[in-house]
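With these hints in hand, go ahead and build the complete structure from the sequences.
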Amino acid sequence: MQTQQEHAFEFTGKGWEYFRIWIVNLLLSILTLGIYSAWAKVRRLQYFYRNTQLAGASFEYHGTPIAILKGRIIAFVLLAAYTVAGQMNPLLGILIFLLLAAVMPWLIVRSLRFKLANSSYRGLRFGFAGSDGGAYAVFLLFPILTLLTLYLLAPLTHYKIKQYQHNNSRFGDTFFRFDATPGNFYSIYLKAFGLLLLAGVFFGISAALHMPVLMVVLPLLYLYIVGFLAVRLPNLIWSKTGLGEHDLYSRMEVGKYLWIAFTNLLGIVLTLGLYIPFAQIRMAHYKFSCMGLLAQGDLAEFVAGQVQTDSATSEETAEMFDLDISL
Amino acid sequence: MVTAQYFDGRTAAAHGVTLTLDDEWLQMRGDLLAHEWPLRDVKVSERLGDTPRRITLPDGGHCEVTDHAALDVLLKQGGYRQSWLDGMQHSMRWALLSALLIVLIFAAAYRYLLPWGAEVVARSIPPNMLQKMGASSLQTLDKLMLESSKLPPARQQALRDAYAKLSPLPDAQLAYRIEFRSASQIGPNAFALPDGNIVMLDELVALTDNDDEIIAVLAHERGHVEQRHALRMVLQSSAVGLAMTWYMGDVSSLLATVPAMLVQASYSRDMEREADEYAARTLQLNAKSTCLLPDILLKLEAAHAKRLAEASKDNGGSVMDYLASHPATQERSALLCPAH
Chain A
1 MQTQQEHAFE FTGKGWEYFR IWIVNLLLSI LTLGIYSAWA KVRRLQYFYR NTQLAGASFE
61 YHGTPIAILK GRIIAFVLLA AYTVAGQMNP LLGILIFLLL AAVMPWLIVR SLRFKLANSS
121 YRGLRFGFAG SDGGAYAVFL LFPILTLLTL YLLAPLTHYK IKQYQHNNSR FGDTFFRFDA
181 TPGNFYSIYL KAFGLLLLAG VFFGISAALH MPVLMVVLPL LYLYIVGFLA VRLPNLIWSK
241 TGLGEHDLYS RMEVGKYLWI AFTNLLGIVL TLGLYIPFAQ IRMAHYKFSC MGLLAQGDLA
301 EFVAGQVQTD SATSEETAEM FDLDISL
Chain B
1 MVTAQYFDGR TAAAHGVTLT LDDEWLQMRG DLLAHEWPLR DVKVSERLGD TPRRITLPDG
61 GHCEVTDHAA LDVLLKQGGY RQSWLDGMQH SMRWALLSAL LIVLIFAAAY RYLLPWGAEV
121 VARSIPPNML QKMGASSLQT LDKLMLESSK LPPARQQALR DAYAKLSPLP DAQLAYRIEF
181 RSASQIGPNA FALPDGNIVM LDELVALTDN DDEIIAVLAH ERGHVEQRHA LRMVLQSSAV
241 GLAMTWYMGD VSSLLATVPA MLVQASYSRD MEREADEYAA RTLQLNAKST CLLPDILLKL
301 EAAHAKRLAE ASKDNGGSVM DYLASHPATQ ERSALLCPAH
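If you're matching them up, the sequences are chains A and B in order. To convert, note that position 168 of the first sequence is 168 in our numbering; the numbers rise steadily by one, no gaps. To convert, note that position 18 of the second sequence is 18 in our numbering; the numbers rise steadily by one, no gaps.
Please note: incorrect hints may appear among the correct ones.
Stated by the list, open to error - Anything over 10 Å on all C-beta distances counts as not near chain B; from chain A, calculated: (1) Arg50; (2) Gly56; (3) Leu78; (4) Gly86; (5) Ser119; (6) Tyr136; (7) Pro143; (8) Leu148; (9) Ile161; (10) Pro182; (11) Ser187; (12) Tyr224; (13) Leu258; (14) Phe278; (15) Leu293.
Said to hold, decoys possible - With a Cα cut of at most 20 Å, we get these calculated DMTMM-like pairs of lysine to aspartate or glutamate: (16) B:Lys288 to B:Glu203; (17) A:Lys14 to B:Asp209; (18) B:Lys76 to B:Asp50; (19) A:Lys14 to B:Glu203; (20) A:Lys14 to B:Asp67; (21) A:Lys115 to A:Asp132; (22) A:Lys14 to B:Asp50; (23) B:Lys306 to B:Asp209; (24) B:Lys165 to B:Glu179; (25) B:Lys306 to B:Glu179; (26) B:Lys299 to B:Glu203; (27) B:Lys150 to B:Glu203.
Rather than coming from a laboratory, the hints here were simulated on the basis of the structure. Backbone N, C-alpha and C define an ideal beta-carbon position, used for all residues, glycine too.
Shown next as structure tokens:
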């Protein structure tokens, strides 16, 4: 049995520093009617990647603004076509919707490939090798089955999506692995559903007793459910993800997460949005401080042994065919 | 001299190196490592706060530098020029100036660009489209809140005839009809649909003393239609909603709708004034007193205040809800009927 070493992620972003970058880029995005926002997005990602450190080295984002702009134009055209067509003729709207549903998995694969191929750590790129067929299964077939079964399959679908994403991701030549089971996802979703039932019972009791005061508990309970899902799902997903012989972990707490999310929201509302960069930095600090890598044996040795054989070609295809559709 | 970490791009191993500049050549030295490249073949990433800077090397590897001061000295020595954005992104003065400019741009767009754009778009919508929109809104309203009218058919016809006799202003574009409905939970009201149909509620008819008052209300509603107010409001609020979703996107889509609603309220004030003017001109053209409208407005206000007072007793609602979205009746009254 080798000794296990814990390497926590460290996020070193600073609120005021990011505020200055954010606001200047926001101004330029507005002045160029949104075109510059692709450049702004690259800067934002670079700032966050470079400030994320693991075992003494930081991450890097290599996406080019032009690829992002291309993706945004495509997304905008698709969305505009869908909206306008739906207004003119409902039938045409349905047709375009079906068309969108049919190309969406294909676009998602391109987008995942773009994102990972443009991320690196210690000079080695990440990569995504998921097939189009796999994407159509998890992003189209399973969601349809979920609808048909009245969401009974929703946790299974979520599991399938994450399994597809993580099992097909790699760092250098080493693939990630996803060890969760559908049962893990069902357990979390069922607990959330139980809390929802509890909220329903509470509602019933307060209505029956004519005590509206009890209703105060309802939004709190609802907030808790939202936080519960937002914390427990990433915790599960990352803690069941590994790279080679090493394991990742995420240990967020619902209470702390909710406190940060709530105070962030309050700050943003009170400052008409000026707090947004500070809020993003705060949340990143918390998320990354809860995440890390459990290394089996010497991480430095593992890292030094990581290689990349196909760097040049994969980069080129990424440039030519891939685009980023996430807005 | 700059200390850095070198990665060769093929393995993840880090090598401690030092970088120096010899004339136009960047030299890298480390244990078992010695390379040099012309400085112009080397790509230096822009400064982003205190994040490590990246020097991309021609051999496919790169260096990560955290010693910013030393690197700046080296780059200056090599004649490397910062991009114009670099200074802006790191100065507090530019940050504050940007914030100020953003506020000004938003304010100007909201005050001038938005109403102008909405009007241009609203006016370019073809009549058959207006017809469809009117029909579908009436359908939705019927489903959600309207009931059929309890006015006797003869009375309905009499009002229709009286309205048909009202000569439209010369620039009027749409044909007008009245749809009679009732809605106890809305109270006395009338509203204009985009196709020119005007929904008149029984509760409003009951409130009036004579048919001329109804005609005054209809003229006012016609003003709303002719100036495409409903359409403009929908366009404006969806544009604001979109902008808010984009700006606040990360926060919550729920939050994004709140400001859009506030905007709607403040727009309807200007539009009420425009519709009042239109009604006054129509009434003048038909040789009727412009004081008819203030009369019925005062009655409406009293009726709504009463309803709201009752409602607030029940569930704690506020009279301010209603008042905020309508210009003060006295102010409107003074404009329409100076003799009052």
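Consistency of the hints with the structure:
no.: 1; hint: Arg50; in the structure: 4 Å, violated
no.: 2; hint: Gly56; in the structure: 8 Å, violated
no.: 3; hint: Leu78; in the structure: 16 Å, holds
no.: 4; hint: Gly86; in the structure: 13 Å, holds
no.: 5; hint: Ser119; in the structure: 13 Å, holds
no.: 6; hint: Tyr136; in the structure: 28 Å, holds
no.: 7; hint: Pro143; in the structure: 21 Å, holds
no.: 8; hint: Leu148; in the structure: 27 Å, holds
no.: 9; hint: Ile161; in the structure: 22 Å, holds
no.: 10; hint: Pro182; in the structure: 30 Å, holds
no.: 11; hint: Ser187; in the structure: 27 Å, holds
no.: 12; hint: Tyr224; in the structure: 17 Å, holds
no.: 13; hint: Leu258; in the structure: 14 Å, holds
no.: 14; hint: Phe278; in the structure: 12 Å, holds
no.: 15; hint: Leu293; in the structure: 13 Å, holds
no.: 16; hint: B:Lys288 to B:Glu203; in the structure: 24 Å, violated
no.: 17; hint: A:Lys14 to B:Asp209; in the structure: 68 Å, violated
no.: 18; hint: B:Lys76 to B:Asp50; in the structure: 18 Å, holds
no.: 19; hint: A:Lys14 to B:Glu203; in the structure: 60 Å, violated
no.: 20; hint: A:Lys14 to B:Asp67; in the structure: 18 Å, holds
no.: 21; hint: A:Lys115 to A:Asp132; in the structure: 16 Å, holds
no.: 22; hint: A:Lys14 to B:Asp50; in the structure: 9 Å, holds
no.: 23; hint: B:Lys306 to B:Asp209; in the structure: 19 Å, holds
no.: 24; hint: B:Lys165 to B:Glu179; in the structure: 17 Å, holds
no.: 25; hint: B:Lys306 to B:Glu179; in the structure: 26 Å, violated
no.: 26; hint: B:Lys299 to B:Glu203; in the structure: 12 Å, holds
no.: 27; hint: B:Lys150 to B:Glu203; in the structure: 10 Å, holds
In the structure shown, a violation is registered for the earlier hints numbered 1, 2, 16, 17, 19 and 25, in ascending order.
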